[in-house]
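Heads up: the sequence lines are chains Z and A, in that order.
Counting along the first sequence from 1, when you hit position 324 you're at 331 in my numbering, and nothing is skipped either side.
Counting along the second sequence from 1, when you hit position 74 you're at 81 in my numbering, and nothing is skipped either side.
Since the list gives no way to pick out one identical chain from another, each pair is judged satisfied if it fits inside one copy or across any two copies.
Taking lysine-lysine pairs in the BS3-like style, the calculated list, with each CA pair at most 27 Å apart, reads:
(1) 61 with 324
(2) 193 with 241
(3) 324 with 33
(4) 156 with 193
(5) 241 with 156
(6) 156 with 206
(7) 193 with 84
(8) 193 with 206
(9) 33 with 173
(10) 206 with 173
(11) 173 with 324
(12) 61 with 33
Everything labelled a hint here was simulated from the structure, so no lab data went into it.
Remember, predicted model here, so these are calculated numbers, not experimental data.
2 protein chains.
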Amino acid sequence: MLALEAMGGDNAPGETCAGAIMACEKFTDLEIALVGDSEAIAPLLVNTCAPVRKRLHLVHAEEKIAMDEPPAVAVRKKRGSSLRIAMQMVRSGEAQGCVSAGSTGAIVAAGVLVVGRIPGIERPGLGVPLPAVNRISMLIDIGATVRCKPLNLFQFALMGDVYMRKIIGVDSPSIGLLSNGQEEAKGDELIIEAREYFKNGRLNFIGNVEGGGIPFGAADVVVCEGLTGNILLKFIEGTGEAIYSLIREEIDRRFLAKMGMVFMVPMLKDLWARFNYEETGGTPLLGVNGAVIKAHGRSRARAICGAIRVAREFVNKRGVQTIAEELAEGVKRG
Amino acid sequence: MLALEAMGGDNAPGETCAGAIMACEKFTDLEIALVGDSEAIAPLLVNTCAPVRKRLHLVHAEEKIAMDEPPAVAVRKKRGSSLRIAMQMVRSGEAQGCVSAGSTGAIVAAGVLVVGRIPGIERPGLGVPLPAVNRISMLIDIGATVRCKPLNLFQFALMGDVYMRKIIGVDSPSIGLLSNGQEEAKGDELIIEAREYFKNGRLNFIGNVEGGGIPFGAADVVVCEGLTGNILLKFIEGTGEAIYSLIREEIDRRFLAKMGMVFMVPMLKDLWARFNYEETGGTPLLGVNGAVIKAHGRSRARAICGAIRVAREFVNKRGVQTIAEELAEGVKRG
Chain Z
8 MLALEAMGGD NAPGETCAGA IMACEKFTDL EIALVGDSEA IAPLLVNTCA
58 PVRKRLHLVH AEEKIAMDEP PAVAVRKKRG SSLRIAMQMV RSGEAQGCVS
108 AGSTGAIVAA GVLVVGRIPG IERPGLGVPL PAVNRISMLI DIGATVRCKP
158 LNLFQFALMG DVYMRKIIGV DSPSIGLLSN GQEEAKGDEL IIEAREYFKN
208 GRLNFIGNVE GGGIPFGAAD VVVCEGLTGN ILLKFIEGTG EAIYSLIREE
258 IDRRFLAKMG MVFMVPMLKD LWARFNYEET GGTPLLGVNG AVIKAHGRSR
308 ARAICGAIRV AREFVNKRGV QTIAEELAEG VKRG
Chain A
8 MLALEAMGGD NAPGETCAGA IMACEKFTDL EIALVGDSEA IAPLLVNTCA
58 PVRKRLHLVH AEEKIAMDEP PAVAVRKKRG SSLRIAMQMV RSGEAQGCVS
108 AGSTGAIVAA GVLVVGRIPG IERPGLGVPL PAVNRISMLI DIGATVRCKP
158 LNLFQFALMG DVYMRKIIGV DSPSIGLLSN GQEEAKGDEL IIEAREYFKN
208 GRLNFIGNVE GGGIPFGAAD VVVCEGLTGN ILLKFIEGTG EAIYSLIREE
258 IDRRFLAKMG MVFMVPMLKD LWARFNYEET GGTPLLGVNG AVIKAHGRSR
308 ARAICGAIRV AREFVNKRGV QTIAEELAEG VKRG
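Taking the hints into account, I'd like the entire structure generated from these sequences.
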C-alpha cells in the first residue's frame, strides 16, 4: 500500500484523489491510503467503480499544512496533519511509500523528522529527472538542503547514481558537479573539496559540468546545492511558461504564423511532452528511510498518477534498501 | 577613444576587427585602438574606407591570454598581453573604456589589478542584461565574484541600479535577491544578511525573487552570487541551443512541420532577436574604476559592435563616475 497525502498542493483534494483513482485503474494490484479530511475526500470517490474503490482507503487527518507555513515549525506543531500521518504510515511499515504535492520544505522536514534518514546519510536530497536532448538527466538537490557541505554533495551523487541505475535503468551513470566552468580550477571551495570524495573511483565521476551542459545531458546525474538547483528548476518552469505566452501572443497577432502553427501542432505536442513534468512524474526525496515522492505543487490528476507510479517503482525496485546497502558496504558495481 | 582588446574570444582577431570597423561606420565620431598582434591585425584593415581607417589605431601587444589559462596567474605574468595593455590605456586615461571577448576570469582579474576598483566597492560584478517578457532585466553577478559576502550582493544591487537608470533608462529600478522562494524566511544566511543592507530604503528593493520570476521580469535587477549567475546564464544559452537543434531535427523528420515552419519564420526571427545576446551587446564589469565591457567569447562582428556601443554609452553617460558619486554621497533619487 502507498499513502497519498491528499490535502497538499494547489489542486487538492480534487485532483489528488482523481490521480489516485487513475493510478488504481492503471495498476490493478495497487492499494492507496488517501490521507486527509475524510469528509472532503469521501464524496470524491462516489462515482468510482467497485474494483477500484475497494483499493482506496480513507485515513482521516484533522489538519493540513498550508503551502505558505514555515515548514519546520508546522511539521513539529501539527501532529495530526495529513503529511505527518502519511509519513508515519511509512515509518510504521503500514505504507511502503508516500506521495505528497505539498510544500517542499514541509515534505523534507517531515521526511527527516518522521520517516528518519538512512543511516550514514547526513542530509536528504531532492532529485528531479530533467529531460535533456536524448536522455533523462537527474538534477540533485533542488531544495532539500539549501546550503551544503562537501560530503552532502558526494552523498547526493551516490544516491543519484543508485536512482539512475535502479529506477531509470542507466548503466554506470556519469556524475558531474555543477560549476562555473569545466576546468578543475573552477568552482569554489565547496566544489573543490567535494571532488576529493570522488577520488576513490567508485562512481563514474566526470568532473565539473557547466550550466550549458545540462540541456545536452552532459551528465546523467548533475549534483548541486539546493539553492542553486531550486533556482534553476524554477527558472526552467518559468521560461517554459514565458515562451508559451510569448508565442501565443505573437500567433494571435500574425495570420501566417497562425496558419503555420496548425501544421506544427503535432511536433510541438511531442516536444512539450518531453519537457513536461506531468510525464516525468514525481521527485524522489533521497536519503530518507522510506520511499517519499514529492509531486509538483501545481499537479493535476495526471501528474499525481505519475508520482504514484514513481513511488511504486521505487518501492518495487528496492530503492531505499539499495542506497542503504551501498552506503554500508561500499558501492559494488555491475 | 575606446580600446578593443582584439585578440580575445573564439573568432579573434578577424571578427573583433570587423566589429570595430562596423562600429566606426555607425558612430562617426568614434575612435578605436585595436590592441593586439599588429601583424595579424593590419591586413584585416586594408579594405577599410579612409574615413573609418583613420579612426582605427593599431597598438601592438606581444602576447595574448588564452581562454583556458588560469586567469589570475596569466594576467600577472603576461605584462605585455593585449588585455593588460588595453586595460592600462583605460587606467592612464588614454582610452575612456575598453572591450574584450576574452575569458571572464582574465577580464575580471585584469580589471581589478590594472584598472583598479572604484573606492568603496569591495568586489566587482558582471551584469548581463537579460531579455524578459516586456522588459530588459539585469542579472548580476554572472561570474566576477564566485562566492559573495552580504555586502558584495548589496553593492551589486547598487551598481545594477545605476546601470539600469543611466544606461537602460529605467526609473527607480526594482531590485530582487535571487532565492529559493519569495518569502522572507527563504534563502540562506547570505541572503538573509544581505537583506539588512536594503533596510535604509535607498534602493527600490522588492525582496526575494524566485528563479521562475526571471523570464517574467520579476525585478529590473536580479542579484545573485557569481556561481549561481554563471550557471544560470550558461544554462540559458545551452537551452537555446538545445531547443534549436531539437526543433531543427523534428522539422527535418516531418513534412507538415516543415511547411508550417515556412509560415512561422518571421515570428521566430523576431522572438530570437529578443533573446539574442548579439542584440543586447556586452556585459559591463561594474565596480572597476573605468568602463570595461566584456563581449561574449563566441562573439562575431555584430556582437563586438554591440559591445562597443555599450562601452560608448557607458562612457558618455558617466556610468563609472555615477557609481562612485552615489557610493560616496549616498544614493540620491530623482
